[in-house]
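> Here is what each chain is made of, one letter per residue.
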Amino acid sequence: MADALTITNLSFSYHSYQERPLEPLFSNLSLSLDEGERVLLLAPFDKGKTTLAKIISGVCPKYFPGTLSGTVHLFGTDLSTIEPWHLLTEVGYVSQNPVEQFIATTVEEEIAFPLESLGLPRAEMSRRIEASLSLWGLTHLRDANEGELSGGERKRVLLAIQEAISPRFWLLDEPFDDLDLMWRVRLKETILAEGKTCLVLASRYLSDFVDLFDRVLLLDEQRIVELPLPEAIERFSTLSGDDRPNPLLTQRIEAHHQATLMADDLTVERRRRSTATSPPFEMHVDSFALHSGELVTLTGPNGSGKSSFSRLLCGLDEPKGGSILLNGKRQGTKELNRSVGYLFQNPDLQIFLPTVEEELAWSLRRRRERSTKEIEAQVGDAAELFGLRLADTPTTMSYPKRKALQAAVYYLLDRPFYILDELDSALTYHSALSIIASLRRRGSGILLITHDRTFAAKVGGRAYTIEDGRLTER
Amino acid sequence: MNTSAYVAGHGWLYRFDPRAKILLMVLLCVFFFLPITLTGLALTVLLVVVVGWRNTGGKNIARVFLSIAPMLLFMLLFSPFNVRSGQSLWSVRSLTIITVEGALQALRLACRFIGITYVCTLLFATTVMGEIMLALRFWRLPYKAALVVTLSFTYIPFIAESFSQISESHRLRESAREERKNYAQRLKDLLPTLTSVLVVALRSIPNLAMSLEMRGLGRSERRTNYRSLDSYTHLFTDFVISIIIVTVLWVLCKA
Amino acid sequence: MQENKNALKIAVTAVLTAVVVVFTMIVRIPTAKGYLNLCDVAICFIAFTFGPASAFIAAGLGTALADLISGYAQWAPISFAVHGLEGLLIALIVRNKAGVEASLLKKILAGIVCMATVTLGYFALSSLFISTAAVAAAEIPGNLVQSAVGFILGLGVSTAVKRAYPPVRFLAW
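Chains A, B and C supply the protein sequences, listed in that same order. Quick note on the working numbering: the first sequence kicks off at 1 and runs consecutively. Quick note on the working numbering: the second sequence kicks off at 1 and runs consecutively. Quick note on the working numbering: the third sequence kicks off at 1 and runs consecutively.
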């Protein structure tokens, strides 16, 4: 069997924008896949999984400056001698974050673009597009604006694109994430289909993977190791820190805050998608309460109104009916802004300063309530608590670190309540739980929004769920 | 943020070939600058408005008018003072305030303004952006330029959405005691938000470039087009109609 | 190999154009006379951080598109010319070897050029194609303030972004 992918002695480190060079992500990593093989690569977050995928697709280091040594051969061709567009029909890369791969306005145009690049005649393009849309259940969304699709729908768009192109090598980064059960089954069928080589990078939903792959690899300490699935999962668990004790269970809380946040007979108007034809959707909350130091989870399917509800709690929107009560009193949006910290899913929304230290100190310095020494001490403590280095540049840190920075900024704001929106996406469970534990330290009440029930179970606490337009306690 | 100027409708303008529509629009705009009688200009503008009304609906026409009304008012109030010599229209104690010529010129400018606005608005109201881009490419706009415009339209909502989320994020982070802020301070407070927005926008660039190349931009094969203007079957007729319309107007209205 | 940077240029131009459009349309600060928009902030930022070609295209195309979308179609060609020239000139003035900050003198010159281009450009082209000199003159104070504020903020933002996001220097063309 011809070799599909051969990586020999790969080392890579990203370009460092400070004097200190960054640690290499891989050292002498070697990997090879035969054509037609289906391989699972387990890799914890933040260890170079996505970088490896980008290297295999030929776009790193071209668009992500860094030093690369070693060779990567794809179907016999050395990647450093060709441009990424030569790989259109050779490698299909489905990113973990679909938004970064969108270049068109509608779903149909997105699928059409690569086919146009191939110079296919219109009839052939139509045929392929119809087939892909229908395979992935997107026919009714063909004219939809990609910005308004749910996470699962976006994933399916990426998969439909690859279906239309039909490359020889499928490189899928966390493809099962965000997909409903029906589509996970469809994805499995796609992976098992004849005539393609498949490399799946994953770190979640591992129980789905039995019998799906020929081999299982593990990215362990900058190298690739091959193991049978059960051992691989165990070792992976250790690498992700998931076998460490749940920090929430052993936590001691300094009871700093004493407050209660309640929602009373609330009507939530769900934020509209402008292209959807259904009428505005209302969600009703009979009662909701969050006390200081408490952990509360909110689960519900995509688009059920979790974010809309959170926005009401922190005062970003006004409720259509009913009220939010803080310590029993009705509160306006300004007081809610001050009392409830809402951590958006995207941590980059607040980053604007060149170093972690400045980012953390900014809010404190503006208040002018504390001396420089006190601020320094607080900032140092927060950095240590969240595992951050003061001199790092936030925009060049990895995603888990930026999330930790976002949490650290809010920690220093010392709000009585925090709402965490989908904290666990792209973080190991352990990292996410540590962040929650750190935020809880001073006795703040935490509302966690997630669609991952395993994670919700690990967090514990009271659970609310949204079903059929009602938010109720389980 | 709504980036679409398109208004759904059924009139003949919608069925008119976009390539000819662009030609018609350009010719009409040139026509408005030609030496034509004021009556001719006014009637042409009225004709344009009526056609627009029939095709896109009264609401759209009214909306456009409201958006240019302030500027129009300003123009009508101040232009008449421009022309000082000539027959007086309104004078106060032997001081001529407005001359007839001044008033006429103001009217002409106003008509031209209204005319051009409606002509351009109607083009965008009756043609989807994708077809406008295809029509422009027919008129020799290079593919790369069309791609840049199309990509911009993809990113405008993304950046606008980021902007509002970032503003909210900073609002949540910063809400402290209420302070009365003057303009200088408010502008200074805008800096963090603007910086974050720009960083978010800039970060998307390598991903966009990467995705473009991964989807084949740069390949040696000649690109084909999934979308086409083939559904418009009367290209030649529509071209001829465009030219005839403007020629007739010119002949009728020339001064 | 891997020398061809066409896709990067297209990506940079497209995103920067979108940035100009958003800054023109969404960000509005109410003043006594009406609204100030922040298009000049975006244009000056691009001129300081990127090269003359991107500044010209993004500034011109961005403001023109914003005009077309908001229904002020006749200003589109004028905006393209005026702001495109603004971006081009500022970028040319402050252009330096990589990594070297432009001198204060160059910045002041750029600021003056910015204000002059916007104000005179709009005045001249508006009085020729839109209305009369008298009416166009009424826009002058507003344009002066907007371009001045835009320049100062743009300079501030440019410094902040370069420090916060160092990889930006790889994007400039």
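The set of hints was computed from the structure by calculation and includes no laboratory data. Treat the hints with care, as some may be off.
In silico PhoX-like pairs for lysine-lysine, Cα to Cα no more than 25 Å straight-line [said to hold, decoys possible]: (1) A:LYS320 with A:LYS334; (2) A:LYS458 with A:LYS401; (3) C:LYS5 with C:LYS107; (4) B:LYS188 with C:LYS9; (5) C:LYS162 with B:LYS188; (6) A:LYS47 with A:LYS458; (7) B:LYS144 with A:LYS334; (8) C:LYS9 with B:LYS144; (9) A:LYS401 with A:LYS47; (10) C:LYS106 with C:LYS5; (11) C:LYS106 with C:LYS162; (12) A:LYS401 with C:LYS162; (13) C:LYS162 with C:LYS107; (14) B:LYS188 with C:LYS106; (15) B:LYS144 with C:LYS162.
> None of the hints should be skipped; say for each whether it holds.
Consistency of the hints with the structure:
no., hint, verdict
1, A:LYS320 with A:LYS334, "holds, 17 Å"
2, A:LYS458 with A:LYS401, "holds, 21 Å"
3, C:LYS5 with C:LYS107, "violated, 30 Å"
4, B:LYS188 with C:LYS9, "violated, 32 Å"
5, C:LYS162 with B:LYS188, "holds, 18 Å"
6, A:LYS47 with A:LYS458, "holds, 23 Å"
7, B:LYS144 with A:LYS334, "violated, 47 Å"
8, C:LYS9 with B:LYS144, "holds, 10 Å"
9, A:LYS401 with A:LYS47, "holds, 12 Å"
10, C:LYS106 with C:LYS5, "violated, 30 Å"
11, C:LYS106 with C:LYS162, "holds, 19 Å"
12, A:LYS401 with C:LYS162, "holds, 21 Å"
13, C:LYS162 with C:LYS107, "holds, 17 Å"
14, B:LYS188 with C:LYS106, "holds, 23 Å"
15, B:LYS144 with C:LYS162, "violated, 28 Å"
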